[in-house]
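**Student:** Sequence:
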Amino acid sequence: MRAVEGKPLPLGVTITESAVNFSIAVPEGRTCSLLLYEPGGCEPYWSVPMEQSAGEVRFTALEGIEAGGLEYNYMFDEEIVVDPYAGALAGRSVWHRECDIQKHEVRGIVRTESYDWEGDTPLHIPYNEVTAYSLHVRGFTMHSSSKARHKGTFAGVAEKIPYLKELGINQIHCMPVYEFEECMQYTNYWGYGDAFFFAPKSAYSVSGDGVSELKDMVKACHKAGIEVVLEMPFTDKTPKQLMVECLRYYMLDYHIDGFILNPAVAPMETLYGDPILKKTKIMRHDMGFQTVMRRFLKGDEGMVGEVIYWLRHNSRPDGIFNSITCHNGFTLNDLVSYDGKHNEANGENNQDGPDYNYSWNCGAEGPSRKKAVNELRRRQMRNAFFLLLLAQGTPCILAGDEFANSQKGNNNVYCQDNPTGWLDWNKAAKEQELFHFVKELIALRKKHPVLYPPKEAEGTDMLCCGMPDVSYHGENAWKVPSEVSSRQLGVFYYGAYADDEDCFVVYNMHWLPHTFALPSLAKGRKWYVAASTEDGVLADYRSLKNQRLLEVKERTVILLAGR
Numbered sequence: 001m002r003a004v005e006g007k008p009l010p011l012g013v014t015i016t017e018s019a020v021n022f023s024i025a026v027p028e029g030r031t032c033s034l035l036l037y038e039p040g041g042c043e044p045y046w047s048v049p050m051e052q053s054a055g056e057v058r059f060t061a062l063e064g065i066e067a068g069g070l071e072y073n074y075m076f077d078e079e080i081v082v083d084p085y086a087g088a089l090a091g092r093s094v095w096h097r098e099c100d101i102q103k104h105e106v107r108g109i110v111r112t113e114s115y116d117w118e119g120d121t122p123l124h125i126p127y128n129e130v131t132a133y134s135l136h137v138r139g140f141t142m143h144s145s146s147k148a149r150h151k152g153t154f155a156g157v158a159e160k161i162p163y164l165k166e167l168g169i170n171q172i173h174c175m176p177v178y179e180f181e182e183c184m185q186y187t188n189y190w191g192y193g194d195a196f197f198f199a200p201k202s203a204y205s206v207s208g209d210g211v212s213e214l215k216d217m218v219k220a221c222h223k224a225g226i227e228v229v230l231e232m233p234f235t236d237k238t239p240k241q242l243m244v245e246c247l248r249y250y251m252l253d254y255h256i257d258g259f260i261l262n263p264a265v266a267p268m269e270t271l272y273g274d275p276i277l278k279k280t281k282i283m284r285h286d287m288g289f290q291t292v293m294r295r296f297l298k299g300d301e302g303m304v305g306e307v308i309y310w311l312r313h314n315s316r317p318d319g320i321f322n323s324i325t326c327h328n329g330f331t332l333n334d335l336v337s338y339d340g341k342h343n344e345a346n347g348e349n350n351q352d353g354p355d356y357n358y359s360w361n362c363g364a365e366g367p368s369r370k371k372a373v374n375e376l377r378r379r380q381m382r383n384a385f386f387l388l389l390l391a392q393g394t395p396c397i398l399a400g401d402e403f404a405n406s407q408k409g410n411n412n413v414y415c416q417d418n419p420t421g422w423l424d425w426n427k428a429a430k431e432q433e434l435f436h437f438v439k440e441l442i443a444l445r446k447k448h449p450v451l452y453p454p455k456e457a458e459g460t461d462m463l464c465c466g467m468p469d470v471s472y473h474g475e476n477a478w479k480v481p482s483e484v485s486s487r488q489l490g491v492f493y494y495g496a497y498a499d500d501e502d503c504f505v506v507y508n509m510h511w512l513p514h515t516f517a518l519p520s521l522a523k524g525r526k527w528y529v530a531a532s533t534e535d536g537v538l539a540d541y542r543s544l545k546n547q548r549l550l551e552v553k554e555r556t557v558i559l560l561a562g563r
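The numbering of the sequence shown is our numbering, which starts it at 1 and goes up by one.
By construction, these hints were calculated from the structure, which means they are not laboratory data. Hints should not be assumed to be uniformly reliable.
The calculated lysine-lysine pairs, modelled on BS3-like cross-linking and capped at a C-alpha distance of 25 Å, are [claimed, not checked]:
1) Lys545 / Lys523
2) Lys151 / Lys223
3) Lys479 / Lys526
4) Lys526 / Lys553
5) Lys446 / Lys223
6) Lys215 / Lys147
7) Lys371 / Lys151
8) Lys298 / Lys151
Restraint ranges, calculated between C-beta atoms of paired labels, are given here [stated by the list, open to error]:
9) Gly29 / Pro267: 27 to 33 Å
10) Glu483 / Trp117: 55 to 61 Å
11) Cys464 / Asp194: 53 to 59 Å
12) Thr460 / Leu252: 37 to 43 Å
13) Gly68 / Pro354: 33 to 39 Å
14) Tyr186 / Thr460: 49 to 55 Å
15) Ala522 / Pro239: 57 to 63 Å
16) Ala443 / Tyr186: 38 to 44 Å
17) Asp116 / Pro354: 43 to 49 Å
18) Gly459 / Gly119: 41 to 47 Å
19) Ser485 / Lys240: 46 to 52 Å
Computed from a predicted model, the values in this text were never measured in an experiment. Quick reminder that beta carbons are idealized off the backbone N, C-alpha and C, glycines included.
Construct the complete structure from the given sequences, taking the supplied hints into account.
**Tutor:** Have a look at this one:
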């Protein structure tokens with residue numbers, strides 16, 4: 001083995017026919033050596049001074065060395081440094097086991113083995129056809145009730161694919177799956193902060209091989225028609241170049257379908273224009289839909305104008321997806337069960353987590369035995385799903401909301417690696433009615449393409465047929481309820497624009513009933529009830545006796561189809 005002339009780019013490790021090239025950015029004024037280890041060894045067997053440089057990049061190449069499984073680090077002066085471009089790490093395969101980098105207990109691994117993708121490619125499902133589902137890889141199956149064979153792992157997620165398919169999900173959003181440090185003052189359960197972004201988390205694997213098992217999960221999801229989107233928040237210290245290269249890497253090497261980024265730190269315009277990532281979904285969190293719909297749901301005044309905007313907003317141009325709940329905040333069950341956050345168990349005197357949740361406990365704080373309170377909560381959860389799944393943007397369900405999963409009022413479970421932060425699948429058996437409602441509502445959305453057009457509806461008569469693609473109504477047809485006190489809205493989707501039936505959705509978020517005048521249909525057609533808060537989704541649509549007026553009870557949503 002001998003050191004020969006290397007190349008500064010690409011950063012990280014590059015294997016050629018004759019040599020293995022190592023390249024890393026080193027702060028000015030510091031020495032740098034390459035350390036090599038036997039697999040599993042915590043003492044380097046060779047140190048190679050890295051004297052070749054270009055700018056702040058040091059590099060060298062080694063000939064006569066077996067690259068596969070080789071473990072390595074760098075030494076800056078007397079400090080051990082793990083390669084930020086390492087594609088896999090040794091020493092991190094056990095969850096929450098403290099490892100000391102300075103004692104060589106964490107090392108980069110050079111991977112050479114190929115992977116059989118069996119012809120797999122990213123799915124490229126259009127934004128408007130996606131129904132997404134946000135999950136935490138560990139928390140999704142870690143609870144004993146999950147009945148997963150491989151709890152808390154990529155394989156555990158794959159075991160739940162039949163469940164996701166039954167629900168109607170075709171895209172999953174995974175919280176950080178790279179090598180983050182969980183052993184901190186408070187357990188870093190979510191995975192935010194500094195990390196080795198190129199290396200899949202080996203503690204999320206069964207065998208300790210996070211690389212292969214993440215690929216297995218992606219391939220299994222793709223076979224089932226489910227896209228995989230990774231949350232990649234990075235940090236403000238992460239170099240922009242590294243971010244771009246990292247996303248390219250996961251798209252090319254792991255067939256990842258999309259990424260959720262923090263636009264405050266990520267170079268969004270660069271990523272949108274990157275030719276490698278052109279067909280990859282570049283997405284971001286946005287609280288607009290969530291805040292407006294939560295306030296409308298609980299009956300705040302003055303929300304109708306913003307509700308109209310978010311019901312119509314298309315996700316594709318800006319990568320914004322719709323959610324009523326997400327990991328940062330209450331679950332849906334807790335949204336309708338708590339007025340305030342209850343984060344005492346986090347150890348921060350309930351000072352952490354968002355203060356403004358726009359929640360309403362429906363008359364009692366936390367679990368209640370009052371029948372009226374629990375019935376109202378069930379109505380409100382159904383109404384929330386109507387707001388989410390009948391809006392025209394890409395809907396994203398928080399894992400467990402479909403069976404009323406609770407975090408006991410904790411709206412910031414970032415450190416709760418325990419049953420509070422895990423999904424309790426026992427509730428899935430108890431809440432079969434809610435699960436079936438959500439499943440049937442997702443299917444109903446897919447049945448009516450007028451509800452999810454590929455382009456944003458304009459509210460104009462683009463077909464010159466005498467009807468706009470979408471129109472908004474109050475208790476009087478064709479009159480938008482502009483009063484501040486209005487808490488009700490009717491939305492008319494004209495089916496001809498999507499070769500579909502006409503659909504009229506009535507939202508009454510008021511605590512009083514309201515009567516709506518119905519828009520007239522073409523001759524020979526009638527209005528039928530397709531779904532409602534009270535009835536759920538009807539297998540056989542029910543004809544309205546009164547085709548002109550519809551009385552809508554308090555806190556009720558009704559979907560009508562014209563046929």
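**Student:** Of the numbered hints stated earlier in the document, which are not met by this structure?
**Tutor:** Hints 7, 8 and 13 are the ones this structure does not satisfy, whereas the remaining hints hold.
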